[in-house]
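Take these sequences, add in the hints, and give me the full structure.
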Amino acid sequence: MSITVGQAVPPLERTIRLTDMVAYAGATWDWHRLHYDPEYVAEKKLPGPIVDGQVFGALLVEQLQDWLGPKSFVHRLDFTFRNLVFAGETVRCEGTVTEAGYERIVCDLRVVVVGSAARTAVAPASATVLLGRADGPGAEAAR
Amino acid sequence: MSLLTDEVRALAGRTRVYTAPEPFGAAAGRYFGLAIGDDNPLYSDAEYARAQGLPGVTLPLTLVCETNQYAGLPMDHEGYPGHTWGLDIPGTRQVRGGNSYVFHRRIRPEDVVTATWRIEGVTEKVTGSGHAMLIVMSKASYTNQDGELLAENEESLIFVALEKSS
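Sequence order for the protein chains is A and B. For the first sequence, this note's numbering puts the final residue at 143, and the numbers step up evenly by one. For the second sequence, this note's numbering puts the final residue at 166, and the numbers step up evenly by one.
These are computed hints drawn from the structure, not numbers from a lab. Mixed in with the good hints, there may be bad ones.
With a cut-off of at most 30 Å between alpha-carbon atoms, the simulated DSSO-like pairs for lysine-lysine come out as follows [to be verified]: (1) Lys71/A x Lys164/B; (2) Lys125/B x Lys139/B; (3) Lys164/B x Lys45/A.
Partner residues are not named here, just some residues of chain A that face chain B (Cβ under 8 Å, in silico) [as the list claims (entries may be wrong)]: (4) Thr28; (5) Trp29; (6) His32; (7) Gly57; (8) Ser72; (9) Arg76; (10) Leu77.
Every residue gets a Cβ at the ideal spot worked out from N, C-alpha and C, and that includes glycine.
Below, the structure is given as structure tokens:
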């Protein structure tokens, strides 16, 4: 695969339903009521259960891994939260390649909410991905 | 009035260590993939994973930074069973700033994770709207039972004053 600076990372779009959020709460051992309890969030004067922000890191890795395939390894991922996302909203992970080498690339990334309440959920964000390898440098040290 | 009191300054260097009572387990990774809608066979198909040069299935990269599985803590009154610093800064609201992850290798089902959390520093700034805010920078280092460094997670917590600075 030839990758060039300025190339767009194929977007990943996902609607995050309350059911997904309950599954995520279980998978991460985080049952904070903010993420699924309508009564609790109403007390906090929020419009709905809040999507756990760290899921966006997982989606950004999924986006890169799906694009670059199994012989790639996300070595670094940085992301900053901008706005809350609520149950039922659809997010789109977007990105652009800013550095392209034989063994690694760097991408600028962001997560936006699409639809009538469009806004930025995560930005800035960036990732460094190692190419031509399925695992990280620590795997070699462990051998 | 400054939020950066001597008591808050003294938070720097505070450390907490948690060791999981059992290996991570392949099911944890498969469950996480299902929950976020990531059907990458690296997390569920050992034969496929081995064909890529891996020893077997691995767990989704970010899971170790997102899970409370290792902590072994009871749920608090809001249902949270994970690491916190228990910070209560009167007259502020808490928001999350962001995370910086460094992954050193993929997590394997047999890894028994130790998470070492440390407060790296506390700084004070003023928002564009004139509210003081404290930024608490923490770092978690995740190692396994053989002392291998698996991943690192820098996290910023922000405490924004409810009233404007005078």
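To see whether the hints hold, each was checked on the structure:
For the given pair, lysine 71/A sits about 51 Å from lysine 164/B by alpha-carbon distance, which is inconsistent with the 30 Å threshold. Among the hinted pairs, lysine 125/B with lysine 139/B is consistent with the structure: their alpha-carbon atoms are about 20 Å apart, no more than 30 Å. Of the pairs offered as hints, the one joining lysine 164/B and lysine 45/A holds, with about 22 Å between alpha carbons and a cut-off of 30 Å not exceeded. Because the beta carbon of threonine 28/A sits about 5 Å from the nearest beta carbon in chain B, less than 8 Å, this interface hint is met.
The interface hint given for tryptophan 29/A is met, as the beta carbon of that residue sits about 4 Å from the closest beta carbon of chain B, less than 8 Å. The criterion of a C-beta within 8 Å of any C-beta in chain B is met by histidine 32/A, whose closest approach is roughly 4 Å, and the hint holds. Checking glycine 57/A against chain B: minimum C-beta separation of about 5 Å stays under 8 Å; hint holds. Evaluation of the serine 72/A hint against chain B yields a violated restraint, the C-beta minimum of about 10 Å exceeding 8 Å.
Contact between arginine 76/A and chain B, as hinted, is supported at the beta carbon level, the nearest pair being about 5 Å apart and thus within 8 Å. Restraint check, leucine 77/A versus chain B: the minimum CB separation of about 5 Å is within 8 Å; hint holds.
The earlier numbered hints that this structure contradicts are 1, 8.
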